[in-house]
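J.: Chain by chain, the residues run as shown.
Protein chains: 2
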Amino acid sequence: MDLMDAIKTRRSIRRYKQVPVPEAILKEVLNAARLAPSADNAQPWKFVAVRDEETKLRLAAASNGQKFIAQAPVVVVACGIPEEAFPTVGGYMSSHVIDVAIALDHLTLAAHSCGLGTCWIASFKEEKVREILNVPEDVRVIALTPLGYPDEVPERTPRKNLEELVVYDRYQ
Amino acid sequence: MDLMDAIKTRRSIRRYKQVPVPEAILKEVLNAARLAPSADNAQPWKFVAVRDEETKLRLAAASNGQKFIAQAPVVVVACGIPEEAFPTVGGYMSSHVIDVAIALDHLTLAAHSCGLGTCWIASFKEEKVREILNVPEDVRVIALTPLGYPDEVPERTPRKNLEELVVYDRYQ
Numbered sequence: 033m034d035l036m037d038a039i040k041t042r043r044s045i046r047r048y049k050q051v052p053v054p055e056a057i058l059k060e061v062l063n064a065a066r067l068a069p070s071a072d073n074a075q076p077w078k079f080v081a082v083r084d085e086e087t088k089l090r091l092a093a094a095s096n097g098q099k100f101i102a103q104a105p106v107v108v109v110a111c112g113i114p115e116e117a118f119p120t121v122g123g124y125m126s127s128h129v130i131d132v133a134i135a136l137d138h139l140t141l142a143a144h145s146c147g148l149g150t151c152w153i154a155s156f157k158e159e160k161v162r163e164i165l166n167v168p169e170d171v172r173v174i175a176l177t178p179l180g181y182p183d184e185v186p187e188r189t190p191r192k193n194l195e196e197l198v199v200y201d202r203y204q
Numbered sequence: 033m034d035l036m037d038a039i040k041t042r043r044s045i046r047r048y049k050q051v052p053v054p055e056a057i058l059k060e061v062l063n064a065a066r067l068a069p070s071a072d073n074a075q076p077w078k079f080v081a082v083r084d085e086e087t088k089l090r091l092a093a094a095s096n097g098q099k100f101i102a103q104a105p106v107v108v109v110a111c112g113i114p115e116e117a118f119p120t121v122g123g124y125m126s127s128h129v130i131d132v133a134i135a136l137d138h139l140t141l142a143a144h145s146c147g148l149g150t151c152w153i154a155s156f157k158e159e160k161v162r163e164i165l166n167v168p169e170d171v172r173v174i175a176l177t178p179l180g181y182p183d184e185v186p187e188r189t190p191r192k193n194l195e196e197l198v199v200y201d202r203y204q
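One line per chain: the protein sequences are A and B, in this order. For the first sequence, the positions run 33 to 204 when our numbering is used. For the second sequence, the positions run 33 to 204 when our numbering is used.
The set of hints was computed from the structure by calculation and includes no laboratory data. Take the hints with a grain of salt, since some may be wrong.
Pairs count within a copy or across copies, as identical chains cannot be separated in the list.
To be verified - Listed below are the simulated BS3-like cross-link pairs for lysine-lysine, each with C-alpha atoms no more than 30 Å apart in a straight line:
(1) 160 - 40
(2) 99 - 59
(3) 40 - 59
(4) 49 - 157
(5) 49 - 99
(6) 59 - 157
(7) 59 - 192
(8) 192 - 160
(9) 49 - 59
(10) 49 - 160
(11) 99 - 160
(12) 99 - 157
(13) 59 - 160
Based on the sequences and whatever the hints tell you, model everything.
T.: This is the structure:
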């Protein structure tokens, strides 16, 4: 799929077909995350691909009851590793959040180009996800996404006009 | 350009031709950022496109002296607005860092598909960038990138194997 078409037609998918994701396609999509750039090329990330039904249901519950998450055949949990990351982006923050977001963005675009749907999940309880997946204390959970074949074609959601978000030469 | 080709062939570009970026192409690349998803579709971002020579030189100095940044005809400074963002990703952090990283990832991929180069800049002093661009105190500077036609073809940088970053069903 053409890159700009992928960016323009990707949607957040909240209904999934009960069809498994072939192993080769799952690998292709994860590979897109693998190729992402990261500060100092540290790659401070780990992706947990969850296919176990019981675990998916628990992750949906940990995501403040967003049940559609467990409907997808795969749930990807994107984790960042601060101690492996560039520590001072802008002089004030660890790069692991940015790095993981870039990688997961690659994954969501690649998924769409393979005919798969995703949905960035921000509303979850890290402590519950940590407990369910056995995530170590020094690793942060950054985002989740279901991954599977869409069973809906959502409308485009609105965006600000370019003039509202782009300024030239100075913040104004 | 095909999406997976874009992901596979994008490189961090640190040498730029002294050729301006046409206005229509700059808009197209910024539009890719505009279309990015964000938590609750809040779009808590602002992009400063800097073409003024003196300002670019000051931004390069604020980026710990990475002079190549000013060589590019445009420098994009990606800012996040915490007070407009989803406040509790995972129950513990504002979404603005993730949101801006997704949008800037869209921009870097779109740039590459238009024949332009970019380079994620993490090493900068936020306070200096804030002063140069007049960024308000309640807005955070997340990343910068030069934007212009590449004057180099860098080798691919190494990545971990998929087995090192993907685990199944549990963190292990």
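J.: A separate judgement is required for each hint: does it hold in the structure or not?
T.: The hints, checked one at a time:
| no. | hint | in the structure |
| --- | --- | --- |
| 1 | 160 - 40 | neither (34 Å within a copy, 35 Å between copies) |
| 2 | 99 - 59 | within (25 Å within a copy, 39 Å between copies) |
| 3 | 40 - 59 | both (24 Å within a copy, 14 Å between copies) |
| 4 | 49 - 157 | within (26 Å within a copy, 47 Å between copies) |
| 5 | 49 - 99 | within (14 Å within a copy, 51 Å between copies) |
| 6 | 59 - 157 | within (27 Å within a copy, 38 Å between copies) |
| 7 | 59 - 192 | between (34 Å within a copy, 14 Å between copies) |
| 8 | 192 - 160 | between (34 Å within a copy, 28 Å between copies) |
| 9 | 49 - 59 | within (19 Å within a copy, 37 Å between copies) |
| 10 | 49 - 160 | within (27 Å within a copy, 50 Å between copies) |
| 11 | 99 - 160 | within (15 Å within a copy, 45 Å between copies) |
| 12 | 99 - 157 | within (15 Å within a copy, 42 Å between copies) |
| 13 | 59 - 160 | within (27 Å within a copy, 42 Å between copies) |
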